Amino acid sequence: MSPGPVDDSDEIRVRIVGLQAGYGPQTVVHGLDLHVGHGEIVGLLGRNGAGKSTTLKAVAGLLSGVAGQVIVDGQLISGSAYKRTQSILGLVPEGRSVFPSLTVSENLDVARADLDEACRLFPELTSRLSIRSGLLSGGEQQMLALARAIVRRPRLLLIDELSFGLSQRVSLRLLSRLRDYVRETGMSVILVEQHMSAMSKVADRVYIMQEGRIMLELPQAEIMSRGEEIRTVYLTG
Amino acid sequence: MLTFLQYVLLGLSGAGAYGLSALGVVTVYRGTRVLNFAHGAVGMVGAYAFYELLVRHYSLWLAIPAGLVGGGLTGLAVYVCVMYPLRASPSLNRLIGTFGVTLVLTGSATIIYGSNLRLAPAFLPRRVFHFGSGTFVSEAAIIIYGATLVMAVAMTLVFFRTRFGRMCSAIEDNRMAAAVIAIPEFRVGCLTWALGGVLASLAGILLTPVIGVSPAALTILVIPALAAGLPGEFRSVPLAVLTASVIGIGQSLITGYGLPSTTVQALPLAAVVVVLIIRGRSLPERGVPLEARLPALTPGRINIPFATALLALVAVCIIVLPSGFAIGLVFSAGTCLLGCSVIVATGYAGQLNLAPMAIAGCAAVVTANLAKPSVGLAWWLATLCGIAAAIGLGTAVGTLAARVRGVNLAVATLALALAVQYTVLTSDTFTGGYVGITLPTPHLFGAQLSLAAKPRFYAAVMIGVVALCLVTVLNVRRGVSGRRYAAVRANERGAAALGVSVPGTKVMALTVSSVYAALAGCLLLFTTKVADFSRFDLFVGLTILAYAIVGGIGFATGAIQAGIAAAGGVVGYFLNDVPSLSPYLTLIGGVLMLQLLLTYPDGIAKFTADLINEKLKRFLPWPARSRTGSGAGIRAGAPAGNHSGPGQGEPRLSPNRTEVVLRLERISKRFGASNVLSDVDLTVRAGEVVGMVGANGAGKSTLVDVMAGFTRQDSGRVWILGQDRSLRSVVKRSRAGLGRTFQGLELFEDLTGRENIQVALESRRKLGLLLDLVAPSRSTVPARIVEVARTVGIDSDLDAKVGDLPQGSRRLLALLRCLATSPRFICLDEPAAGLNEVERDRLVAALEVISERWGVAVVLIEHSMDVIRRACDRVVVLDFGRVIADGPTASVLERPDVQEAFLGRTDLEPDREPEPVDEPGARR
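Protein chains in written order, with my numbering: chain L, 3 to 239; chain X, 32 to 955.
Hint data in this document are derived by calculation from the structure and do not stem from the laboratory. Some clues are possibly wrong.
Cβ-to-Cβ under 10 Å is the rule here; a few derived chain L residues that face chain X [what the hints assert, rightly or not]:
| # | residue |
| --- | --- |
| 1 | Ala62 |
| 2 | Gly70 |
| 3 | Arg98 |
| 4 | Asn109 |
| 5 | Pro125 |
| 6 | Glu163 |
The structure presented is a predicted model; accordingly, all values stated were derived computationally and were not measured. Where is the CB? At the ideal position from N, CA and C, for every residue including glycine.
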């Protein structure tokens, strides 16, 4: 195992053991093991179809027929997405996940997310509270989706391709706020991204996936230094 | 003579009851996106509970709450037992699920109470208020209408002011995102269905003194309620109550002014249909969500051993079994023909037409009236006229479908079917009144075609017709039209961008489907000596539709199964020996239907087809054929050859680089208060690759929408190949040589990649559509497209279903599909978003082939500066809808203001990140 900031087992908060998941008869993720520490952001990297999003969906309880265990703070997580996300898990799904017919504050309220804390996290939202979220720019929508998930204070937050459809400046702004907040609160995060450079800036540790399996585990420092190797061996087809 | 005002006042109680019922329909729709056809039946349960207590002399104050609770609990039970388990099924299945619930509830009520109408005590105050010159209004009407207004205000407040209302909106907007912030979908569903049940009961209870208590009368209350919900798309409470008021008062006025009672029922429904047509759009707007899950489709292969065995079995049964079986078979065969109609229109083309039975009935009415002795037309000539009439009605439904889509179309066709039923099928003028219409006995091949005299011959003829029709149904699926139907079903915007006429395709599908319905109508007509039009009842038609869905609406065997299960059909023949069963048949049918819907969401046919394929594979000496039957991998075949263009066949090697293919002249567009585009000028020449960059919301996607005709500019002109095409439709522009891809791809998800390309290749074929019935044609992917598929590395993915492909391959496939229309000019919206580095390299290589060798002009919207730098000759920068820079790539990208404004990359390593757009497009 590669050295990482959370090798110490006391620090490990989330363990995923033997996760197997897919769609109908097709298995996409094969016996995946990973762990996340307190206040740690762990990245999942891999090419299209490697099983990153499927892993997140399986952990969040959105897929049926999932095998394996998800353990958070020693507690086995099971049941529907609704049950899992009530207090323990949070998920920012791929694509725009705001409710376009509701205003910004209604989006937060319906999720029982604290308005003040969301505005403290992203002061940009303060002036937008009474605007219908469908009228926000893509960056603002993603900001709202992220704030809504973070402020609910899940113990494990799953984020799927936050930067898809955003300019780099906006996505870095979102990710850096996420990193600060995680440092503050000790939340654990699994982050899925297509691209290495964004990942190298926020993730403490990265798992590289290929065809539904974890091929490599790297600490932050090695993400860019071994970038070319990773790119040619794992990320390109 | 009563005054106009008086008729309005007399209509108040009906208006109120319809309004209450409509409120319930809206509540259920907002909470669970289910159009509840069982709404009337749920209310019936509450009304019976109320009635039971009232006739046992319990207090009104006990009976009313008990009735409301009864309805509420019924609604809750329906949600928990049926609708929640069906939540991920296609919306058609959910609609039919509620129809199954209707059968179960009315079946049970009929067993308990019989179908007779019972009079209910008039429990509302009978006082009447007089005012003015003899005008009066009853206290009961005031109470009913007042209750409706109070409930309407209450429900509006609930939806807009409470957390519960916001949860409903959240679930409706995005079910998955709602689930992951712990919005309790199940609890919200329970509450809305219980509330819907209470409202339905209230409507039923208040109406009992007026319409009495009977399963049929209370169940049918759902029709005006659905019609009332339509103009507000089942979401708006005020519009639903307003429409309900118009329907109720309108009926009162029509009665008052002495029009026939059938018109009273039909006119308001027809009015709703007209409103829908006027308000409809021929293409859905950007961002309108697509149906998440469509019913599975047959590949359209004819299983010859199975078909032969089935025909032989049927022949043996006709000969060996008593003639009663042959009679049953005739009705099964008629239903099977109706099933064929449903499969083409609803299964293949995705148009929820609930009026096939009305079409069959109209064909029968026309045939009967022309064949009757007093007119004396030959039976076959009369039948042809009947079919022609049905084609007319089918085309009308197709025109309706061109403007109205999804569940709205289901309700509109329901209203249409009911209007036809009231004005034609039950009208004395057309059906001969009490005497009826006496029909001649047709002769075929010198023999009498009479069910009474020669049932076996009649059955054999019917089976022959059905077999031929089933073959044509399968042929359609394999041909040009089948692919086009499936494309329109999957994605109308995507189809239009390829030059497929979406309205034309829908009209075609419904016209073809109406022929099957007409055949059914005419062949069933001649089964009796005196014409019997009651068999064309709306509910019988809905039951057939339901059986076809349970059987598998995308499969020919679905029609066969609908035929087998039909009332009076072969199953009925075998059940005849158990006469004690007959009162329970509706209930049993409903329960069975629900059970099968829950177990086989794609129908039994899909399940059996999969099973047979799995089992047979082991025994067959040869490998099973692929889904499309076109062999594995790419076949570099001949060019499609039916249209010309650059890059067709041999690529054009030296494009005329000076030819202007696109010119935009001072294009402006506003959305509400914001200027999305202001005076945009742009010229693109053949073989040129123009990059278009700009921040999120700069107007790039809107500009593409304007070029391709999806959005009409407020001012300015679009010239394509030297001609002003500013006002042309999407389809016309596509045929003029403009191709585009979408940021959201808009692929046909349930077709294979090859079929996606074929739809594009065949978009200009016209004659093939009728030929398909006999000999389906298949186009081969031309060599130049194969070459690009290899360049971008997706040639091995073409036979997989698009929905199963990873994001990168899907994006590249969208490019291929766009090229298959042989465009002179293409707009690519974010082609590199979500691609990895290797895929991007391949994309850049492909763009080089397309522009350099074929001379196709490309406008490339892209956030990845890496792709822009490598692929583009020229770059245009948009900022808040204005062009702020236009020039050679390197010099534009080096400009500090451009870098500062859009690239946001001052302190980062070389950018290989995607920065896809976000435009007003994401907005609703």
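Tested hints:
1. Ala62: holds (6 Å)
2. Gly70: Since the shortest Cβ distance to chain X is 19 Å, the answer is violated.
3. Arg98: Hint holds; Arg98 of chain L Cβ to chain X Cβ min 6 Å, cut 10 Å.
4. Asn109: Constraint on Asn109 of chain L satisfied, holds at 8 Å.
5. Pro125: violated (19 Å)
6. Glu163: Status holds, d = 8 Å.
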